[in-house]
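Number of protein chains: 2
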Amino acid sequence: MHTDLCERFGIQYPIFAFTPSEHVAAAVSRAGGLGVLGCVRFNDPAELDKTLDWLDANTDGKPYGVDVVMPMKVPTEGTSTDLKSYIPADHISFVERTLQQLGVPPLPEGEGREGVLGWLHSVARSHVDIALSHRPVLIANALGSPPVDVINQAHEAGVLVAALAGAAKHAQSHVTNGVDIIIAQGYEAGGHTGEIASMVLTPEIVDAVGPNVPVLGAGGIGRGRQVAASLALGAQGVWTGSVWLTTAEYQNLNTNKGMTEAFLRATSADTVRTKVYTGKPARLLKTKWTEAWAAEDAPSPLPMPLQNLLVADAHNRMNAHGDPDVISMPVGQIVGTMNEVRPVADVMADLVAEFEATVDRLDKIR
Amino acid sequence: MHTDLCERFGIQYPIFAFTPSEHVAAAVSRAGGLGVLGCVRFNDPAELDKTLDWLDANTDGKPYGVDVVMPMKVPTEGTSTDLKSYIPADHISFVERTLQQLGVPPLPEGEGREGVLGWLHSVARSHVDIALSHRPVLIANALGSPPVDVINQAHEAGVLVAALAGAAKHAQSHVTNGVDIIIAQGYEAGGHTGEIASMVLTPEIVDAVGPNVPVLGAGGIGRGRQVAASLALGAQGVWTGSVWLTTAEYQNLNTNKGMTEAFLRATSADTVRTKVYTGKPARLLKTKWTEAWAAEDAPSPLPMPLQNLLVADAHNRMNAHGDPDVISMPVGQIVGTMNEVRPVADVMADLVAEFEATVDRLDKIR
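Protein sequences, first through last, are from chains A and B.
The first sequence: position 342 = 341 (numbering that gives the first Met the number 0), numbered continuously.
The second sequence: position 52 = 51 (numbering that gives the first Met the number 0), numbered continuously.
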């Protein structure tokens, strides 16, 4: 499994692994893929700095990337306290009422209630600045093209830029802005995603950006057959995320054991594409929490970044509570095949072996 | 491109083409695939009989199949006139008002107003009886497993039975009923479809039914790269539909030239999964008609078979009118790459050539 992207990044397999866990990212990079650390959870730049120090020291010199969340147009922005004044009282009382109905208690006195600030542009920019003081080979942006000056900043540091796209025209506009690599994020993916499924989206984006822009297939990829399918569709590599949430290494970050149980038992039908996580459509695990927001009397989700500020405290409370029925977490349709907790190296080895067996099989069909 | 299914059906390529047009079906079978004639449009069994006579005479002795629309549980059923008494007046006035607003005139005096009766179980059964008096090699059912006695009837005639499934558990239950071949119908497909995309659904169904039950990948397949991807996912063949709607041969059936224009200009984002066609979720071209049903003041679609009876006359009126903005037609997300009217043989040749090029490319990646 060797494409031009492997040369470009000095990696063995064109398997890119998005993860909020530095332990998963390091293990993927050590196993020959490219671990990409999600930065959105780092409110404190110093903590990201420290985590990247750890990554520098624990990847055996192998390359890694970082992922930020940054809209291309810089929004007018206040502090998180200012922004909270825009949240309607009805929304706040709906969240509180829902948590009560679902049996989720308040956090113990003194435990942190701060939301995730990484959705704020100024914080995402600080993530880029911190990251560039380390040795990432890639900065990926979950919201499409970053602002052009951020792309230039990365390029000056010799770092490539990848951006998610859910439609061919968005991919073309990312390339115009200077983005190097497009992540074709299909409908079946976890997190922010569009309506076009990978089977249609990947070749469409490959054709739209032309042969000089590598495309990573994303959405529905957790097995070697899916890696082979994505490369068959014209991708030069795959962008994976969900499949790492049930690895042994992820348990270092995940203190909510209910979440792992919820992933292990979920079928591919147990996800839902909804705006309740951030205000933009994102695929989440379908639970009593998402069902409550889908009820007829539920308020409409607020626009980004207000929705995440609204639910951030609820997320902390649900995580502390640990009920597998009451989870708020992005995950793709591939969750149906995430049925045991395994080390990252085993998942990587299976991806590669099944890919090779698949190409052998196709070779015989020809 | 040769799998066990080719031996089983005596075909050159495991490319199955669902189409309401006998001209398309014959051309696909002549070009080495398996043309599968959709029967739902035949209200008059004698007309189906005549059409199958034509197919028998125009396939150069090559095999073909038929497709019926039949729920597994036989519903209580009246005549179409009886059933119409269950349609609320508000629904009827909404349809009439919408057609007026969209500028669709009534049909000229004397033109047929009859709905599509193929959705009725008794009519679908007559399709099976007629078909078995010809030489189909396959009966496929768009609504999953047909009733067990219909499966037995087909088997006694030496005809294999295929059934659509949008979830692994449905596929398993089809197999228990005696269905021979599963069509894994992904979210991106046109017509009746579930929420799980092909990338996830196909391998899930392949694993669920085991190695002795062949699976056809369906949804998002219109190019050779997609055929290769589907076979990589474990399918033994592909089930295609939308891609034949812009063939030259289809124009024999399609008297609505606005429809072809609408397909040619549509992007992959211009479809919508909605219940407005039959009462069950089906992917249609997104037009002013589907948008009207999505408006806040629109009524909820009725259950099958009432919804199709409700809109059947509207479909006839829209087809006679020919406005590409006002179309009611199932089509998959692959419509974005259907950009010219071409002969069936050319589409087939491209599918095969691109498949082979894709396997060559994967071989080099390994």
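It should be emphasised that the hints constitute simulated quantities derived from the structure, not laboratory data.
Each hint should be verified, as a subset may be incorrect.
The list cannot tell twin chains apart, which means a pair is met if one copy fits it or any two copies do.
[To be verified] Computed list of lysine to aspartate or glutamate pairs in DMTMM-like fashion (alpha-carbon distance at most 25 Å, straight line):
1. K363 x E353
2. K279 x D89
3. K256 x E46
4. K61 x D81
5. K61 x D324
6. K49 x E339
7. K363 x E6
8. K279 x E194
9. K83 x D179
10. K256 x E339
11. K274 x D324
12. K274 x D89
13. K49 x E6
14. K363 x D179
15. K256 x D324
16. K168 x D359
17. K168 x D269
18. K168 x E260
19. K168 x E290
20. K363 x D206
21. K274 x E355
22. K256 x D345
23. K287 x D206
24. K83 x D43
25. K168 x E339
26. K168 x E353
27. K287 x E260
28. K168 x D324
Quantities reported herein were computed from a predicted structural model and do not represent experimental measurements.
Structure-based check of all given hints:
1. K363 x E353: Intra 15 Å, inter 16 Å, cutoff 25 Å: intra and inter.
2. K279 x D89: Classified as within; 20 Å inside a copy, 35 Å across copies.
3. K256 x E46: Cα proximity of K256 and E46: one copy only (24 Å, versus 62 Å across).
4. K61 x D81: Result: close neither inside a copy nor across copies, 42 Å intra and 72 Å inter.
5. K61 x D324: Intra 38 Å, inter 54 Å, cutoff 25 Å: neither.
6. K49 x E339: neither (31 Å within a copy, 56 Å between copies)
7. K363 x E6: The answer is between: 15 Å across copies meets 25 Å, while 29 Å in one copy does not.
8. K279 x E194: both (12 Å within a copy, 19 Å between copies)
9. K83 x D179: Intra 36 Å, inter 58 Å, cutoff 25 Å: neither.
10. K256 x E339: So K256 and E339 pass the 25 Å test inside one copy only (13 Å; across, 53 Å).
11. K274 x D324: within (19 Å within a copy, 29 Å between copies)
12. K274 x D89: So K274 and D89 pass the 25 Å test inside one copy only (17 Å; across, 32 Å).
13. K49 x E6: Intra 29 Å, inter 61 Å, cutoff 25 Å: neither.
14. K363 x D179: between (35 Å within a copy, 24 Å between copies)
15. K256 x D324: within (12 Å within a copy, 51 Å between copies)
16. K168 x D359: neither (35 Å within a copy, 29 Å between copies)
17. K168 x D269: between (30 Å within a copy, 14 Å between copies)
18. K168 x E260: Cα proximity of K168 and E260: across copies only (21 Å, versus 39 Å in one copy).
19. K168 x E290: Classified as between; 23 Å across copies, 33 Å inside a copy.
20. K363 x D206: between (27 Å within a copy, 20 Å between copies)
21. K274 x E355: neither (38 Å within a copy, 41 Å between copies)
22. K256 x D345: So K256 and D345 pass the 25 Å test inside one copy only (21 Å; across, 55 Å).
23. K287 x D206: neither (41 Å within a copy, 29 Å between copies)
24. K83 x D43: Answer is within: at 20 Å inside a copy they meet the 25 Å cutoff, but 65 Å across does not.
25. K168 x E339: between (38 Å within a copy, 20 Å between copies)
26. K168 x E353: between (33 Å within a copy, 24 Å between copies)
27. K287 x E260: For K287 and E260, only the intra-copy Cα distance (15 Å) is at most 25 Å; the inter-copy one is 44 Å.
28. K168 x D324: Between copies only: 22 Å across chains, 38 Å inside a chain, cut-off 25 Å.
Consistency with the previously given hints fails for numbers 4, 5, 6, 9, 13, 16, 21, 23, ordered from lowest to highest.
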